Amino acid sequence: MDEKFDCIIVGGGIAGLSAAMTLARADARFLLIERGEWSGAKNVSGGVLWGHDLARLVPQYWEEEDAGWDRFVNHRRLTFMDDGASFSLDFKSDHFNTPPYSGVTVLRSRFDAWLAGKVQEAIDASAVADESLLATDILVREVIKEDGKVVGIRAGDDAFYADCVILAEGVNNLLTRQVGLQTDYVPAEGLAVGVKEVIRFDQNVLEDRFQLHGRSGMTNEFVGYASGGVEGGGFLYTNTDSVSIGLVLGMADLRGSGLKPYDLLNQFKTHPAVADTIRGGEVLEYSAKVVSTGDMRVMPREVYADGVLVAGEAANLVLNAGRAIQGMDYAMRSGILAAETVLEAKGAGNFSAAFLQHYRAALENSYVMQDLRGFQQAVQVLHNPAMFTAVPRMVCDFGREFFTVDNQPTRKAYQILRDVRREHMSYWDLVKLGSRAARAL
Amino acid sequence: MPEDVKTLSIAERLGKVAYRNQGRAEAKPHILVDTAICNSVCPHKCTTYVCPANCYTLDEMNQVHFQFEDCIECGTCMYACDQSAVAWSYPDPEVGRGVNWNLG
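Here the protein sequences come in this chain order: U and Y.
If you use my numbering, the first sequence corresponds to residues 1 to 441, in order.
If you use my numbering, the second sequence corresponds to residues 442 to 545, in order.
So that you can see chain U by itself, here it is in the shape it has in the complex (with noise of 0.2 Å):
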């Protein structure tokens, strides 16, 4: 095969699909390759989708017979976890209960390859339907360069060539380290390690436990005895009939603990708290999958060179700041901004990389670089020990002591924070974070 494509997008996960949406909405030809058997069957995420650009992508989403999202999410909790105890923030709005709406629950395998089913009807729809291709089952071994240039692939036997390439490869980047724009070895403190079950259940028992109505969701985030004193914490999500449950732990801080992620798993699924909600459901699925933390540090160098650009996680787009884990809606904005890029550089005949950094300024401009750069601070905090130890026990001995009822002189709230302080952190170092942790969110 030697004629040229447009563009060449390599993943079809989130990022990838995203950017051939919009390259196929604008009539441009491209050729997207995904090595799973099809789209999705290589990902795994927590997972929720984050945001409205699902809706920017596949308008009125929320209409389609099988859509391939499985809640959206309008009841949200975080818990700090000691080994006996649970303290919970709850909170649930109708506000969250119309579309587009700001969260919905995914099992990837299922949702990338409904939104692949998406955009091969915006090819279909296109000027170029039969030259613009989604082909799956192919590894991606090698990007060509000609005079430093990107200017295609190389998959088995046959090279494929375009004006630019995408590559959306997800977080093992190799394509982007051999194209020089991270380096190969990425320090282990930027990155963390997630392993997940997906736990079945009866549809009626789920919403019955989890008071779900409709294709309402709660998203419930989990830090402290969760990663046994490792750096992370846990998540479960609501499914349409499951829950999706795991552990994100700090890869640097794993890798010093000599622990093992699925014995982690083990003891957080049997922690009272967690065991109450998951009790009588079937394992469907064990999946794992390396994650990064937000930290910008592991970041490529750059996103963009001669001929190529890079979307999504291969770019390291994920934050977690402790509101919420985001990384698929960075995926999706990045696709598409990365796209825009290869439609204005097709306009300009310009495919050099003083054209293509107009896609840096775009991710700049945006929510994603604009909240990856105001959390760095927040990433930190969230690395600090105390965050994953002291502060989730201090938080539950307060608990304990708060609403114990006991036929003793009651103490009021303050002599019980103080008491419980005194106990777990230094008033400095109290005082320290508590700053910190004020300026960063």
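Hints may be right or wrong, so weigh each one.
[Unchecked claim] Rough simulated footprint, nothing fancy, chain U against chain Y, three-plus residues with beta-carbon under 8 Å:
#, segment
1, 464-470
2, 488-500
3, 506-519
4, 531-545
Hints listed in this document are in silico derivations from the structure and should not be mistaken for laboratory results.
If you're wondering where the values come from, they're calculated on a predicted model, not measured in any experiment.
Beta carbons are placed, not taken as given, at the ideal position from N, Cα and C, and that holds for glycine.
Since the structure of chain U is provided, determine the placement of chain Y on it from the hints.
Just chain Y, lined up with the frame of chain U:
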């Protein structure tokens, strides 16, 4: 431990993973591990506990062994190894195994 909460062994967990080309006898490893490094200079042998699929194991002589068949392509060993013992790549659908997530 609550009786009706299922904690699973790693073997039971991997039993729920769908692998590609599982029936095929000859598959080529996509990750190459220089276990000579693990077994000489490495101070922690961390892959034997951080790998979520237990692909790295220790024998009774405390020597590291690697087998790729259970690999779920998460990438953990590539980032966790700081001794340059792990050469990581994706499995080729034509020759390797790798994973097919049904849910993901």
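Taking the hints in turn, this is what the structure says about them:
Counting residues of the segment 464-470 of chain Y whose CB lies closer than 8 Å to any CB of chain U gives 0, which falls below the minimum of 3, so the coverage claim is violated. Figure legend: the segment 488-500 of chain Y, annotated as covered by chain U; annotation consistent (5 residues with Cβ-Cβ distances under 8 Å, at least 3 required). Taking a C-beta to C-beta cut-off of 8 Å, the segment 506-519 of chain Y contributes 6 residues in contact with chain U, enough for the three needed, and the coverage statement holds. Interface restraint, the segment 531-545 of chain Y with chain U: holds (12 residues with C-beta to C-beta distance below 8 Å; minimum three).
In summary, the structure is inconsistent with hint 1 from the numbered list given earlier, while agreeing with all the others.
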